[in-house]
Amino acid sequence: MMQLKQSFLGLLSVAFVMSGGIAKADQVDIIALISDTSNPYWKTTEDGLENTAKEMGIKINVYSLQNAADSEGQLNQCEAALLKNPKAIIFSPVDSVNLGSCLRKATEKKIVLVDIDGNIDENRVKEMGSDVAFSVGSNNYEIGKKAAEYLDGQTGKVLIIEGPSSSPNGLFRVQGFQENMGKGLTVIASQPADWDRLKAADITSSVVTKNPDLSIVFAANDTMALGAVEALRALNINSVKVIGIDGTVDAVQSIKEGRLTASVAQLPYLMAKEAIKKTDAFLKDRKALPFRQYVPILTLDQAVFERNDDPLLQYVR
Amino acid sequence: MRTYLGLMFVGLLLLCAVCSFLSDVFLTWPNFLNILTASATIGLLAIGASFIIGSGGLDLSVGSLMALSSVVAIQFSTHSPFPFLQTLCLCLVVAAVAGGVNGFLIGRKIPAFIATLGMLSLARGLALIFSNGRPVYGLPDSILFLGQGRVIGIPVPVFIFLGIILFCHVLLRHTKFGRYSLMIGDNVNAARNAGIRIQRHLIWLYAFSGMLAAVAGLLFMGRVNAADPNAGMMYELTAITATIIGGTSLSGGKASVIGAVLGALIMSVLQNGLTLVNVPSYYQQVAVGIVLIVAVAFGQWRGGHAATN
Amino acid sequence: MLLRIEGLHKHYGGVHALDDVSLSVDTGTVIGLVGDNGAGKSTLMKCVTGAEKPDHGSIVFDGQPIGLTPFDSRQAGIEMIYQDLDLCLRQDVTANIFLGREDLVHLWGMQTPFMNHKAMNESGRALIQTLNADIDVSKEAGSLSGGQRQAVAIARALLHHPKLLVMDEPTAALGVREITKVLNLIRSLKDQGITVILISHRLSDIFEVADRIVMMRHGKIVDDNAVSETSLTKVTQRLMM
Ligand SMILES: Nc1ncnc2c1ncn2[C@@H]1O[C@H](COP(=O)(O)OP(=O)(O)O)[C@@H](O)[C@H]1O
Ligand SMILES: [Mg+2]
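Chains as they are written, first to last, in the working numbering: chain A, 569 to 885; chain B, 3 to 311; chain C, -9 to 231.
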C-alpha cells in the first residue's frame, strides 16, 4: 500500500511537470451541444459543424448525447463547456429548459449563444435570464406548408400520420400542412404514430381498409412515411401517394425506387454550415440578426432527382 | 474490501492525473464542483443499489421512480401554499410506496429482476400519463434552489449528496437495518431462522431505495428546470455499474456506501474528463465498459487471491 | 412440562413428513431424537421453531400456544442449532452470534438506533471463551473451520439463556475432541436447567447425555423410552428393523 502511494505520487508529479509543455485540448472557439448522433439527422449535423469549422479555420468541439432524452447529461456537458471559455456555444437543448441555468451563466460570461434546430422558445429563454443571439433551423410550419403546396390541385381523401403529441415540431408540421391544404382534399383521419414505423404501418392498413378510395398519406416524418409505404405495398395498393418529411437516406432511396412519392427535406448539413457561418460573422461584427434564421428546405421527388440541377441537392445525404 | 477501496481510490486519482494532463480546466475548483454535482444523482442511486445488491436483490425501477415521483409531486403541488414541503413529501411518499410494492412482491417470492422490471415500465408509463408525455415546467423556486442554488459558493446538490452519503454509511454499518440487509443477502435462511422478518424488511428496503431515487429525482428536476417524465432513463444501469465498480459483489452479503460513491465519482470523472478532452460520446461508452470490466476482473482476481490465503 | 406437541402433520408435496406426531418434553431433561435419514426429525423441530409451518396440530411451549415464526419462538426462549448451522459466511463472527439480537447503544437511559459494536465484540469474545473455543471474533465466519463454525452457532443459541435448545446433528462434522466438548456442554446446560433436544445418529453420544430416547420412522414416533429402561443394543436393533 505504502509503495503504491509513493509511486502514485511520483507519477502525479511527473504528470504535472510534463503538463506544462504539452498542447491542451482546451483552446476552442466554438462548442456545440447537440443531441444523439445515432440519429442520422444529428450525425449529419455533427459532420456539417465539424467540416465547416475546419474549412473556416475555426476550432470546434462537438458534444453529443448517448440518449436523446438525457437532459441532465447535456447540462453536465454545458457546465464543462463553460469552463473552457469558448467564444460561442451552439446548442440544441433536450427540452426547452434543461440548459437554463447553464445558459444564464454563459450569458454572464459573455459567451455568444446560438440555438440550432430552432426548438427553443425565445420568450422563455429571455425569462430564464439568458441572451440567445439567434436561432438557426427549419421552420416546421413552412415544412408542412411545402408538403401541402406539393399536392396543389389534387383532390381526394387524406390520412395524416402525426408525431407524438408532445413534439412541437410534429404539431407545427401538421398544422402547416392542414392550414394550407388545397380545397379538393379532405382529411378523413389524423392519428399519432409517435415517429414509429410499425405504428404508422398499422394505422395506414386499418384506414385504407376502411377507405379503399384513400388517395394521399401525409406523415410528419420519413420513418412513419416509409411505414405507410410498406403497409400499402403489403396490401398491393399503388394508387396512394405518400409524402414524408426530413429527406433521410432511406427516404431518398425509396423515392428513387418509385415507392415514396415525395419528402420535404430538412437539410441538417446546410443548417450546421449556416450556424457556423452566422456565428462566426456575429462574433466578428456583432450585428444583430432577426431571432429566427430559417434554413432553406427542399421538396424531393423523382423529378427533382432526374433534373439534378437544384444547388441544394448537394446537402441531401 | 478495504484494500479494494484503497486501490479504487488510487485508480480514481490516477484517472484525474491523466485528465489534468490533457486539460488545464480539469483540475480547477469549479470543475471539481461540476464533477461532484454531476455525480450526485447517479451517486444517490448507486448508494441505494449497494444496499439492494448487498441484500442479494436488484432494483431496476429507480430511474423510472425518479421520473414518476417528481412528475406526480409537481403536478399536485403547483397551487399548494407550501409548494416546497408538499413537493418534497409527495416525492418521497410516491417513490416509497412504489418501492414498497417492489419489496412486497419480492417478499412473496417474485424474483427481484421481474418485480422491479415490471415497476420500471409501470412507473415510467404512469409518469408519462401524469405529465401528458411532456416535461412539466414552472417549478417552485425552492426546488430550483435544490438543484441550482449555492451556499458559500458550493452547489446545494453537493451538500445533499454529502449528507446522504454520511446518513447511508451510518445506516449500513451501524444500524440493524443495514446489517439485516446484508445478512439477507448473505444467507436468507439464516436470517429468517434468526428471527428477522424478511418480508417486512424487504418492503422497507425497497421503499428506502425508492426514496433515494426520489431525492435523486428532486435534484434532477431542480437542475434541469422541469419535472421530466423521461428523467432517469437508463440511470438504473449506470447506478448498478457504479456500485459494481465500487466493489459491491453481485452475489450479496457485502456492500459499501463509500465504494458506491467512489464508483459514481469514477463514472463522473470519466464523463467530465472525456468531454473536456473532446472525446466523442461513442468512445465514452467504450471507456465506461472497459472500466467496469477491468474493475470487476481485478476484484475477482483479488477475491480469488484472498480465498486461497 | 415445557413443550407439548399434539397431532402434528406436515406434507411436502406428496411426502408425508410428519404423520400425527405427539410429544411432551419436561423441563430440564435431555431428549435424544433418533431415526433414519428422512424420518422427519428435522422437520419436527423446525415446526417447533417456526422455520416450517405444520399443516395441522398444536404446539404449546411454556404454557403458551406458540407463534408461527422464528421471531416468535426465539422470543419465547426456543433456540435451534440447525444442521447446516445457518451462518452468514461473509459477516464476522460477532455479527453472526448477535444476529437478530443486536445490542444497541443507550444514551442517558434512552435507546438509540445505533448498534453497540464494542459491547457486542466484548460479550461475543467472552461467550466464545466460555465455550473453550479459540476464535478471533472479527474474522469472517466463512474463514473458520467446521468446529469453530459449530462454536459460533452454539454461541448464538446460548446468547440469551434459552429455555429449550434444539441441536440438529451437532456432532456430525466434528472430531473426537470436539465431540467431547459438545457433550460436556450439554451436561452443563442440563445442570443449569436448560432443556435440550439432541438429534443425532451417534447412539453412543445420546446414551452419554440423554434422559430419554425418542425414535422416529416415516414421520411417526415409533419408540419413546427413558434411557434407564433401554440399552444401546435394544435401540440399535429397533433402528435396524
Ligand atoms: N424443504 C423440503 N422440501 C421437500 N421435502 C422435504 C423438505 N424438507 C424435508 N423434506 C422431506 O421430508 C422428509 C423428512 O425430512 P427430514 O425432516 O429432513 O428428515 P430427517 O431430519 O429425519 O433426516 C424427507 O422425506 C425429506 O425428503
Ligand atoms: Mg435432518
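Derived from the structure by calculation, the hints contain no laboratory data. Be aware that one or more of the hints could be misleading.
What the hints assert, rightly or not - To be clear about the criterion: a stretch of chain B counts as covered by chain A if any three or more of its residues have a C-beta under 8 Å from a C-beta of chain A, and this derived list gives those stretches:
| id | segment |
| --- | --- |
| 1 | 27 to 36 |
| 2 | 151 to 157 |
| 3 | 221 to 230 |
| 4 | 250 to 260 |
For glycine and all other residues, C-beta sits at the position ideal for the given N, C-alpha and C.
Hints and how they fare:
1. 27 to 36: holds (count 5)
2. 151 to 157: This one is violated; 0 residues, fewer than the three required, reach chain A with a Cβ under 8 Å.
3. 221 to 230: It holds, with 6 qualifying residues against the three required.
4. 250 to 260: violated (count 0)
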